[in-house]
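Engineer: Chain by chain, the residues run as shown.
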Amino acid sequence: MRLKQVRTMKSIPHKLASVLLLAGAWVGSAAHAVADLPGGPAVNQLNLHPPVTRIAEEQHFLHWMMLIICTVIFVGVFSVMFYSIWKHRKSQGAKSANFHESVTVEVVWTVIPFLIVIGMALPATKVLVAQKDTTNADLTIKTTGYQWKWGYDYLKGEGEGLSFISTLDSSHRAMSNSGNVANAPVDYLLKVDHPLVVPVGKKIRIITTANDVIHAFMVPAFGIKQDAIPGFVRDTWFRAEKVGDYYGQCAELCGKEHAYMPIHVKVLSAGDYSQWVQAEQKKAAAKLDDPAKVWKLDELVKRGEKVYAANCAACHQPNGKGAGPIKPLDGSAIVKDVDAVKQLQVVLGGAANGAMPAWKQLSDTDLAAVVSYTKNAWSNKTGQLVQPSAVVAQRGK
Amino acid sequence: MSAVLDHPATAGGHAGHEAHGHHHGPTGWRRWLFATNHKDIGTLYLLFAFTMLMVGGVLALLIRAELFQPGLQLVNPELFNQLTTMHGLIMVFGAIMPAFVGFANWMVPLQIGASDMAFARMNNFSFWLMIPAAMLLVGSFAMPGGAPAAGWTLYAPLTLQMGPSMDAGIFAMHILGASSIMGSINIIVTILNMRAPGMTLMKMPMFAWTWLITAYLLIAVMPVLAGAITMTLTDRHFGTSFFNPAGGGDPVMYQHIFWFFGHPEVYIMILPAFGIISQIVPAFARKKLFGYASMVYATSSIAILSFIVWAHHMFTTGMPVTGQLFFMYATMLISVPTAVKIFNWVATMWRGSMTFETPMLFAVGFIFVFTIGGFTGLILAMAPIDIQLQDTYYVVAHFHYVLVAGSLFALFAGVYYWIPKWTGVMYVERRGQIHFWWSLISFNITFFPMHFLGLAGMPRRYADYPMQFADFNAIASIGALGFGLAQVFFFVAVVWPCMRGNGAKAPQKPWDGAEGLEWEVPSPAPFHTFETPPKLDATATRVIG
Numbered sequence: 001m002r003l004k005q006v007r008t009m010k011s012i013p014h015k016l017a018s019v020l021l022l023a024g025a026w027v028g029s030a031a032h033a034v035a036d037l038p039g040g041p042a043v044n045q046l047n048l049h050p051p052v053t054r055i056a057e058e059q060h061f062l063h064w065m066m067l068i069i070c071t072v073i074f075v076g077v078f079s080v081m082f083y084s085i086w087k088h089r090k091s092q093g094a095k096s097a098n099f100h101e102s103v104t105v106e107v108v109w110t111v112i113p114f115l116i117v118i119g120m121a122l123p124a125t126k127v128l129v130a131q132k133d134t135t136n137a138d139l140t141i142k143t144t145g146y147q148w149k150w151g152y153d154y155l156k157g158e159g160e161g162l163s164f165i166s167t168l169d170s171s172h173r174a175m176s177n178s179g180n181v182a183n184a185p186v187d188y189l190l191k192v193d194h195p196l197v198v199p200v201g202k203k204i205r206i207i208t209t210a211n212d213v214i215h216a217f218m219v220p221a222f223g224i225k226q227d228a229i230p231g232f233v234r235d236t237w238f239r240a241e242k243v244g245d246y247y248g249q250c251a252e253l254c255g256k257e258h259a260y261m262p263i264h265v266k267v268l269s270a271g272d273y274s275q276w277v278q279a280e281q282k283k284a285a286a287k288l289d290d291p292a293k294v295w296k297l298d299e300l301v302k303r304g305e306k307v308y309a310a311n312c313a314a315c316h317q318p319n320g321k322g323a324g325p326i327k328p329l330d331g332s333a334i335v336k337d338v339d340a341v342k343q344l345q346v347v348l349g350g351a352a353n354g355a356m357p358a359w360k361q362l363s364d365t366d367l368a369a370v371v372s373y374t375k376n377a378w379s380n381k382t383g384q385l386v387q388p389s390a391v392v393a394q395r396g397k
Numbered sequence: 001m002s003a004v005l006d007h008p009a010t011a012g013g014h015a016g017h018e019a020h021g022h023h024h025g026p027t028g029w030r031r032w033l034f035a036t037n038h039k040d041i042g043t044l045y046l047l048f049a050f051t052m053l054m055v056g057g058v059l060a061l062l063i064r065a066e067l068f069q070p071g072l073q074l075v076n077p078e079l080f081n082q083l084t085t086m087h088g089l090i091m092v093f094g095a096i097m098p099a100f101v102g103f104a105n106w107m108v109p110l111q112i113g114a115s116d117m118a119f120a121r122m123n124n125f126s127f128w129l130m131i132p133a134a135m136l137l138v139g140s141f142a143m144p145g146g147a148p149a150a151g152w153t154l155y156a157p158l159t160l161q162m163g164p165s166m167d168a169g170i171f172a173m174h175i176l177g178a179s180s181i182m183g184s185i186n187i188i189v190t191i192l193n194m195r196a197p198g199m200t201l202m203k204m205p206m207f208a209w210t211w212l213i214t215a216y217l218l219i220a221v222m223p224v225l226a227g228a229i230t231m232t233l234t235d236r237h238f239g240t241s242f243f244n245p246a247g248g249g250d251p252v253m254y255q256h257i258f259w260f261f262g263h264p265e266v267y268i269m270i271l272p273a274f275g276i277i278s279q280i281v282p283a284f285a286r287k288k289l290f291g292y293a294s295m296v297y298a299t300s301s302i303a304i305l306s307f308i309v310w311a312h313h314m315f316t317t318g319m320p321v322t323g324q325l326f327f328m329y330a331t332m333l334i335s336v337p338t339a340v341k342i343f344n345w346v347a348t349m350w351r352g353s354m355t356f357e358t359p360m361l362f363a364v365g366f367i368f369v370f371t372i373g374g375f376t377g378l379i380l381a382m383a384p385i386d387i388q389l390q391d392t393y394y395v396v397a398h399f400h401y402v403l404v405a406g407s408l409f410a411l412f413a414g415v416y417y418w419i420p421k422w423t424g425v426m427y428v429e430r431r432g433q434i435h436f437w438w439s440l441i442s443f444n445i446t447f448f449p450m451h452f453l454g455l456a457g458m459p460r461r462y463a464d465y466p467m468q469f470a471d472f473n474a475i476a477s478i479g480a481l482g483f484g485l486a487q488v489f490f491f492v493a494v495v496w497p498c499m500r501g502n503g504a505k506a507p508q509k510p511w512d513g514a515e516g517l518e519w520e521v522p523s524p525a526p527f528h529t530f531e532t533p534p535k536l537d538a539t540a541t542r543v544i545g
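Sequence lines, in order, name chains B and V. Residues 1 to 397 in the numbering used here are what the first sequence spells out, letter by letter. Residues 1 to 545 in the numbering used here are what the second sequence spells out, letter by letter.
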């Protein structure tokens, strides 16, 4: 670390020379200016991003409102001041007046700003309440900040179960280090390997958290920015009204690569989104075990033990005896039944009004493994084996 | 040699000093190390603050040089974060705050007719504590892993990842906090107990008033900062988990504690500036300050409100909607007393008989540019808009408008206003005007484009940025270089000649509209002033015997 430091310091003169060269190149190549990035920053953009959500639109309105009111007051007050500077100068022969107090005037210019401020606060309150309302989301996505990338987990809604990590394109990072951006693409520092994909016109709830330090999830076109705080969850929402690509960046200092963890949100039409979900799910499934595989008993039981420990033991206990209202599995007639259909029904669909939850999000192989495990653990030495194909068949019913 | 540096040696020559004969204070370096005279300590504070302004300025220029164009050319991202962090810490704790304490040391006893500060040795201690603290801060660049890089706000849990320099930084903050608290106690006791007979609180000059309020703010919040960074320290080394989520701690609690300190802190840096401006505007308008009482009440209201607005720095942490609403309303409310102050200054100018020497130029520049920062503050206070602008360059633009064009310009105004009193030498008016226009223009070139960058969503503390932001960044970098050079010019062409005693001799009262007891003593102010309490006229602005 220290060596690196010294190297950086030492190389400054050398780099200074190269920056001068580059600066020359920069001036020379002004004609080869980069273009606007739709959904991201425009060249020399002067205002907020073009809004793509109602909330962002409201923010635009509020900002214009504030800008106009403030400008009017500013011009008013300083016209008076500059008039006075122009008129009441000693060199113009001005003699100073003697007044220095007026309760009436003081009260007036305390009350008027107060009323103006109230007038500003009212529309802001409306927008604030709306942008904090994260209820009734169509799709819930958990966004996890890592040093230095974003993780996306589709928790609820279409695409549920999808999960991936989104990182900056490594060529951009290398280009940044090289210091030479003469050939930088239009999405320099904003291109990621796996963009977050969402459907248009749907209320998307973003739950943020972080793995290490605080990050912030920001998409200016949507009018959202929410800190991602380790150990805590926070949420925000947006409903994108136009398909397209929208860009943001991490907005809370999170260490050395803070500038290199962009956000790219791809908004698709409902149909395209469904197709994308199916393709992703297929890809995800392809990565998983082949449900057609025929397993041997001991392999499957071994795997099932792990699945049981991770998902079932909290209630049914590691010894399978259950506790209180939780049914025991050890010695259970359903578990020991030669026909596994009943048990699969319970595992896939839940029971006891959800006290036993549905576990359909687990993979076919995991479910087959855990069922096989319970059929052979403790005193249940049935020797029965449930293959993943049986789970697939049961899911189809 | 110089007017400032040689008081005791030449003291016999000063009028008003011969009454009690020869001065037996220490000379040479002992005079400064063992200084107990408020004027000497004030000078030390001001020189220290200017040195730190230069150090922090060099860090700022390195930042701007790196951001001159996209891509990393000069520094790596680790060093970049160290530069932004240390620039902030050094400017806030090393430059702006000590500069105002220097002003307080010089001017408060002179303005209230006191012979010195109440606790002369504690005064010495609070200054000399700053030296090791500054060395720890600047020296942290040489420590393994480099200087702290968690931002000047030192947010947890990023601070837990920092190297040993973080501990040095925490220690430095503790020392600076102790120094500030001692300085504040000194100022409060001096003002409350040592005013000349007839100098009632409501006749006191505005600068003394604003510092009295500021000193209370400091005593209230510096211990809070000390608590926050101590908890950071124990989280780092002693296994506690105040802010460490891995142990069940809450990183957001750090932010609440920090900003409970941090928001009053920004008023600590602006209230004395309001005081200086409130002295200068009437002096050059040749007319009494309009609404003196309402100025006092407005300053107090700002100070009180500053304790209930802290979480407007945290709108994006995901507070409940009621919390956001409360902090939005409370913050917007602060614009009311601030507006009253601006109106009062303008009313003071109205139908005055104005001249525009450099102090007045900086004062008018302050009012004009600070107000821009005030309005962007109001825009940021609005939570829905803040969601867009939080942690972008808009915030950077905003707080530089209030801290550079606000606090720093007021400090310059004060230097030009009082340097004849301090050194006995008039600065060269032309140079002051050059400094003003150079600073004002380069300041706006630097920081105005940052509003656009922020609106377009460029996050702050970024070592590299998308190509679309390139032009405004280049403009800002060029402006920053100009602004930095303007301050070198200020020292070389204005401060140094005055300190050396080169220039026209200053009269006792160089500004014909100026009022107050500091103009009742000769220029330069003798080493000892008001050793017996002066007898004041009814307005408490003239000595009558």
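Don't read these hints as lab results, they were simulated from the structure. The reader is advised that the hints may include incorrect statements.
[As the list claims (entries may be wrong)] Keeping only pairs whose Cα atoms sit at most 25 Å apart, straight-line, the calculated SDA-like set for lysine to any residue is:
(1) Lys87/B / Arg430/V
(2) Lys266/B / Gln147/B
(3) Lys95/B / His237/V
(4) Lys256/B / Thr539/V
(5) Lys321/B / Val346/B
(6) Lys288/V / Trp86/B
(7) Lys288/V / Thr110/B
(8) Lys203/V / Thr110/B
(9) Lys126/B / Ile219/V
(10) Lys142/B / Gly119/B
(11) Lys132/B / Lys203/V
(12) Lys202/B / Asp169/B
(13) Lys360/B / Asn319/B
(14) Lys132/B / Met253/V
(15) Lys256/B / Lys203/V
(16) Lys288/V / Leu155/B
(17) Lys126/B / Leu333/V
Engineer: Broken hints, numbered, in rising order?
Structural biologist: 3, 4, 9, 10, 11, 12, 15, 16
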